[in-house]
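Q: Sequence order for the protein chains is A and B. Going by our numbering, the first residue of the first sequence is number 57, and it counts up by one from there. Going by our numbering, the first residue of the second sequence is number 57, and it counts up by one from there.
None of these hints come from the bench; they were simulated from the model. Heads up, a few of these hints could be off.
As the list makes no split between identical chains, a pair holds if one copy fits it or if it spans any two.
For lysine to any residue, the following SDA-like pairs were computed, each having C-alpha atoms within a straight-line distance of at most 25 Å [to be verified]:
(1) Lys365 to Asp187
(2) Lys365 to Val99
(3) Lys71 to Asp273
(4) Lys252 to Thr89
(5) Lys252 to Gly224
Keep in mind the model is a prediction, meaning the values are calculated, not measured.
There are 2 protein chains.
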Amino acid sequence: MAKRTGGSTASKRIKERDAATLKKIVHLADGVTKRTFSKKEPVIEIPTRARSNTIWDKKVGILRMGDGTQERQLFNLNQAKQFMQTMLHASTIKDLIEAEKTSSLRGVFYKAKHTVAGTKENTFDTQDESDPILEDLEVSMGALREELHIFAENRGSLVGNITIVDKGDEINCRRMGSGGYAIPSIVEPDVIEFRKCEARFVLHVEKGTVWNRFNEDRFWEENNCILTHGAGQPPRGVRRLLQRFNRELKLPIICVLDCDPWGHYIYSVIKQGSISLAFESSRLAIPEAKFLGIRAKDYDECDLPDAVKIDLNDNDIKRAKEILAYPWFDGHRGWKKEIDRLLSNGFKMEVESLITKDISYITEQYVPERLKAKDWLD
Amino acid sequence: MAKRTGGSTASKRIKERDAATLKKIVHLADGVTKRTFSKKEPVIEIPTRARSNTIWDKKVGILRMGDGTQERQLFNLNQAKQFMQTMLHASTIKDLIEAEKTSSLRGVFYKAKHTVAGTKENTFDTQDESDPILEDLEVSMGALREELHIFAENRGSLVGNITIVDKGDEINCRRMGSGGYAIPSIVEPDVIEFRKCEARFVLHVEKGTVWNRFNEDRFWEENNCILTHGAGQPPRGVRRLLQRFNRELKLPIICVLDCDPWGHYIYSVIKQGSISLAFESSRLAIPEAKFLGIRAKDYDECDLPDAVKIDLNDNDIKRAKEILAYPWFDGHRGWKKEIDRLLSNGFKMEVESLITKDISYITEQYVPERLKAKDWLD
C-alpha cells in the first residue's frame, strides 16, 4: 500500500504516541504473567466507572473519575469471561497499533468475536458486551479511545478563519464552499495540526441545517470566527477538536443550541463531560464553554410570535429538573433562573424558530448583538 | 452582509435557475387569481403522489410519476386548509428565492406557522403537515426541492481524485486528510462544479466507519476513484451528487453495502428512487449503479468464520421478500439468486465483518478482486 504523504514530524509524533500506548498494553499483560508465574491468581485492576466513583471537581470545573478500582479475576466464575474478553481486546488493540491502522468499535468487536475452540461458547455475542470492555481498557491504561486506534462515527463539519493540517494535507477552512470540512473522529495533535488562525472565537451550533444558515450568510467571515456543528449531540471528534481550539488557541467556545432540556444537556456534556465517560473529561470537556442561546427570556426580549412555542411535556419537565440538580448547574444563579424561566414559560423553543422574525435574523442580529453584550450563560 | 466570492458564471446560472422557478410560482398564483376574477372557484391542480400513480419505467430503469392529478379546491371544507397552506408555502419560497437565501424544511415550517388573524386556528400545527405541502409544490411546479431553496440535512463525505468548485471555492479532494469534504445538501451545477477528475469510478460505502477504513488505506489513490459515504441511507445531496458523477463524468457508481434487506433497500433507492419520491427519480436515481457486495455467497467464497453471521429475524425475512417483489428486482435473475441465497443462509452479514479476515482485507483484497472480475449485481 502507498504510505500517506505528509510531515515527518507528524509521523514521528504518531510513533511516539503509539510506542507509549504499546508500552501500557505490554505492562498490563506483564502484570498478569508475572502473577501467574509466581503462582498467584491472575487479576487485573480496573478503575470503577460508576456514578459512585464520579467526582465533581469544582475547581477545574469538570467531572472526574475517583480512585475506586475493582479487581477482575480469572479464577472467579462471574468474572472469568470478562477477564478473557479484556485480554482479547488488549491483544486486538496491540495488533491495530502495530499495523498502524485504526478501526471502529464494531470492527474491534468482529475482530475479537469467535467461538472458543472445542466449545460452543463465543468470546463475544453482541457489541453491547464489547464496548464496555474497551472502556475498561481506556481507564485501566489511562489512554483515550483514539490512542487505542479506535474511532467513533464521523459527524459534524467546520468552516472558518483557520488553516488545518490533516495527515499532512493543508486545508484552508476559509475556502470550503457550502459543504465544509468534515470533522474526523480522531483529531489528536499528531493527526490534526493548527496553522494560521485569525478567528477570535468558535461558534458551535447544534444542527447542520442551522450551520447552513450561518455559512450561507458568511457569518464566520463577518464575525471572524470558526463555525462548527455536531449534528445533534456532538461526537467525540467534535468535542475534542473544540477543546483543542479552546486550550491551544485560547478561543472561546460559544454554543447556540435549542432552549430545551436536550439543548441544555448537549451544553452540559460539551462543558463538563458525561457521567458515563467521566474518565475522559480532562480530554474532552471545556469548562469555559458558553451558552449564548436560545434563552427562555427570548420570547419576550425578541418579541417572538406564538408560533415558536412548543409545549413542554412531562418528560421535558422531569429532565429540566434533573439537569438543574447537576452539580455544575446546582447553585449557579444564571442557570437556576434560566431553567426556572423555561419551566414557568411552559414551552421550549428551537434555534430554527427565530426565522419567524426574518430569514437571517439569527445571523445578522440575534447572535451579533448577544456577542457584543457578552450576554451568555457560562 | 458580505457577498460570496467566486465565479460570476456560477452566479449568473443561479440567477437563471431562480428566475425560472420564480416564473413557475407566479404562474401558479396567476392561475388562481385568473379563475377568481372570472368568478370561477379557485383550484390548484396537483399531481398525485401515491403508489397508484407510480410507474416503473423499465426502459429507463427508474420509477416515474404517472399523469394522475387531483384538484385542491378552496371552496371545499376538506381542502380549504391545504389550499391555504399551499399558497402560504409558495409565498415563503418566493421570499427565499428573492432574498437569495435557502432554508430547511423546519425553517419553512416556522416561517409559515402563525395563528390566522381573528381566529384560534393555526396555519400549521406540526411539521408533518408542512412537509407534504412542500412536496406538492415540487411536483406541481416540476422543480426539485433544492430549486425551491430548501435544503435537507447534510450528511456524508467525500475524498478522491477530483477537484470540485463549491460556490467559487476550489476544493482539491485529493488533499482532504482524514476528514474529507462534507457533502452539502444542495449540489446543483450552479453551486457545485466539477474540474479536473482522474477518477475512473466512484466507490460508495454505507457508513462513515467503513469510509474511514478505505480512506486510511488510501484506497482511492491506489485504485484511482472517488470515495463517498452517506451515513446510512444517503441523503438527497449525496444521491444527487452521485448521479451527477455518473451522468456528467460517466463514472460508474459502485456500492459496498451490508448483505441484508436494509443494504438492498439503500441500493434500490440509489438506483431507482423511492415510491414516495418517485417524482424526483429522474433527478436523483442512478439506474446504472452497481452492487459489489457484501454478497450472500461471500460466507463460502471468502471462507468467513461463523462470527460474521447475524441471524435473520422475521422482519428481515418479510422485507427481503418485499424487496424481491420490487419491479426492478422482479425477474432479475441475479437479484433473485442473491435474495434466495440470503434467505437460505438464514443470516445477514455487515461490511465490517470482513475484518475477521484481516484489518485491510476489504480494501486490499475483497474490493479490488471483485472490481477486476467485474463481479457485481446491477
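Q: Out of the numbered hints, which ones does the structure contradict?
A: Numbers 2, 4, in rising order.
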